[in-house]
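Spelled out from the first residue to the last, the chains are:
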Amino acid sequence: MKRAIIIGVSVLCLFAETNRDAYRTAYREWREADPNLERDSGAGGSDFASRVNAVASRAAKYGIERGSFIRKMQADLEHNLGWLESPVRELQEPTRGVRENVASETAVVRRNLETFSNDPDPGIQQLRAALDRESQTLASLANAVAERQSAADAAKSAAAAAEQARLKAGAEEREAIGALQAAAEQAGRESANWAEYYRKLAEAARGEAAPVPATTTAVPSSPAGGISPPAMAPASVPPAPKVITPLPLSRYTGAWTFPDGGLSHGPQPQFLDLVVHEENGHASGTLFARFKVPAGSKDDPVLRFDFTGEFRNSRNQVFALETSDGAKGTIELIPGPAFNLLEVNFLTDAKPGKIRQGNVVLVKK
Amino acid sequence: MSASGDIDARARCMLTLLFVSSIALAQQQPDSLTALQQAAEQRTSEWDGLARTLEGKIARMLPCDARVRTTIEEVNRASDARLAALGKYLQAAASEASAASQLAARTLAEQEGLARELELERAEADQQRIAVDAQLSELAESLKRRGQLAEAQKTLAAIAELVRERVAGAQQQAAKRAALVTALRELTGAYQAREKSLQTESAALAIEASRWGDYYAARIARAHTECSITNQGPSRPLQRKKQ
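Respectively, the protein sequence lines represent chains E and G. Using this note's numbering, the letters of the first sequence correspond one by one to residues 143 to 507. Using this note's numbering, the letters of the second sequence correspond one by one to residues 6 to 248.
Next up, chain G with everything else stripped away, as it sits in the complex:
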């Protein structure tokens, strides 16, 4: 490996670890994601409580009672708060999924590079096998002149066997690394699919939020009509928020 190769390797490694650390910092938010989930739960509970009792409360009021409008607006605000909390939660989850997806893709790229490098292991082991075979051959010649070398020859033969095992081991290692790369590729795809599904859900939530806004505006408009047709006093229709 050349000096520039060293620098490249170091730079790659640093970039990766910095990236991992940034992900770690981003994921330092399991607590914050949990907090967002709890907030969404809380807002949903508050809205649900108000929405369930809305019609019952309004039924006991006169059509032009100002509290009709404020009661509907209160539920509308609770609905907005619920949807906003849920939106934040989904966005945080999508952002975490995106970070995980990028990390998986980066790791995959690295491991693909390393898997190719593992070919070197096999080549080196093979080179060493050839060198040991040459040593064995020369030692066999020397053994003819010096019988005491027999023990050394046995040991060298055992080493030759170990080196042959290493050649086979290197092939197995390369196969395992290839399997890891395949699994990481599948994982990257799965993480990307998850990220996309969360983005889709976020978009669906935005549409749902808009529809809830439409509904509460229509509900207030009906209350206004109910008041106006009984001539019991003025009531303004709700100015709809732009979604």
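Same shape as in the complex, but just chain E:
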């Protein structure tokens, strides 16, 4: 059991490592991808939109990596300081009868000593000597009891002071966690704004006025940073499609794939393809994937399921799925920070030896 706990903790630890490399690399790749983008945006050109897309996807990757780094830092802090939640134990020491016993025995000995104080009988003198020795041991004992009581009181005070210090450290820990939470939210806002910026940059360089998104419901696709959605569609733009989702349907529909070195939580895909169709507000699609399983594992690495459902007026779309083995479950489509990214969560009923859940970020084909 002990061994299992230690091994488990060690494995957890490997995943708990906080490393800045991923987001720093993503940042460098983003910044080095096309340093002249803004300078060239005045000229525009036919390939400019694809240049913007390339930079936008790197910016999005940086946003995802940085967000996950901060969340991991937060989780590590919560985990590593979790012990602060345990209060300092106050000792309950039984002292019943100790002082009383010493006091009553001392009183008995004193009475006897007084009784025999002037008795010249040699036998009584012997008894007096014994009583004297007993009296001395009782006096030493009373001192020792008092000293230990004093030590016990000091230990209680120390425990109370430690508890106060623990409460204070716990409060500071929560503050630090709150700051990390705010940093994670800030990173999300920045990421959403970068996606918006590159979209507008591409549109502007194409000579278009900022176009209206493909769908326009009452819920605007304003990111958390408060960037307003584009104002007007030019006359040349085709009529906006039907109103279903707060984001353009193209943020969900189409063919998506798991890129090399892509982000995933849970089982890691070797490949993963997703196709999403929409017809009259009705969604249907298929996910087909092969996951990496540990060597020697008898688990089935292949997962295939179809899903259907209705698009709803919400950012995240959830549909019912059924795997090729008949397991039921749900799939959630979450538009990513860039228009060509889609996060997917799926969960199915448990079936022995089958992949039943996953979380991946896909790019549009």
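If you are wondering where the hints come from, they were derived from the structure by calculation, not from laboratory data. It is possible that part of the hints are untrue.
As the list claims (entries may be wrong) - Calculated lysine-lysine pairs in the DSBU-like style (CA-CA distance at most 30 Å, straight line):
(1) K159/G to K506/E
(2) K310/E to K201/G
(3) K201/G to K298/E
(4) K440/E to K470/E
(5) K470/E to K506/E
(6) K159/G to K93/G
(7) K470/E to K434/E
(8) K434/E to K506/E
(9) K470/E to K493/E
(10) K298/E to K214/E
(11) K159/G to K149/G
(12) K298/E to K159/G
Given the structure of chain E, go ahead and fit chain G onto it with the hints provided.
Showing chain G alone in chain E's frame:
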């Protein structure tokens, strides 16, 4: 961060968590500490019951009645059992306090390292602010040729503001982390003081146990004297245990 830095970080993390897990295993004993406390309570109760009635029982016996000695020895044994149970309880509590103290010290060392690393956050945010300002500047030039870039420029300006907020946020984060480190330092000191106070109490208990032994030996010696001066039969003085 270099590859060796990764390994170091991983090793540090593993060591810490292994340590935490060992503490957790040690502290898996809230029940055992409670059991030790209950045992001490029980032994104290047993001793108290016997000690209270000792003089009353002996008073009804003749000086050389063999039961005088056995009655005192019975109380002495109960006293030893009480003190031993209390000693175990205190030792377990001291050992738990020591583990907590070490954990606090280790956590403090880690957090001090991380607090220094948080300086990087501010530096990175500042670096990004400079990069965004450069983008803004180039976009402003392009805007002169292409008016449609105005919306993009507004968004980029908003991003620049967010990045400036991040610089300030990083400073706040560093301040909060510094406050956490200070609190952990105080906590470590408090845990160490508690550990020391429990050790002091354990030492005081050992002295008290020795004094109780002295007392019961003296009490048996008196009983022996009471018997010998009445010539009613032999009685051996108690061979004192070495404490």
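Query - Structure-inconsistent hints, enumerated in ascending order - result: 6, 10, 12
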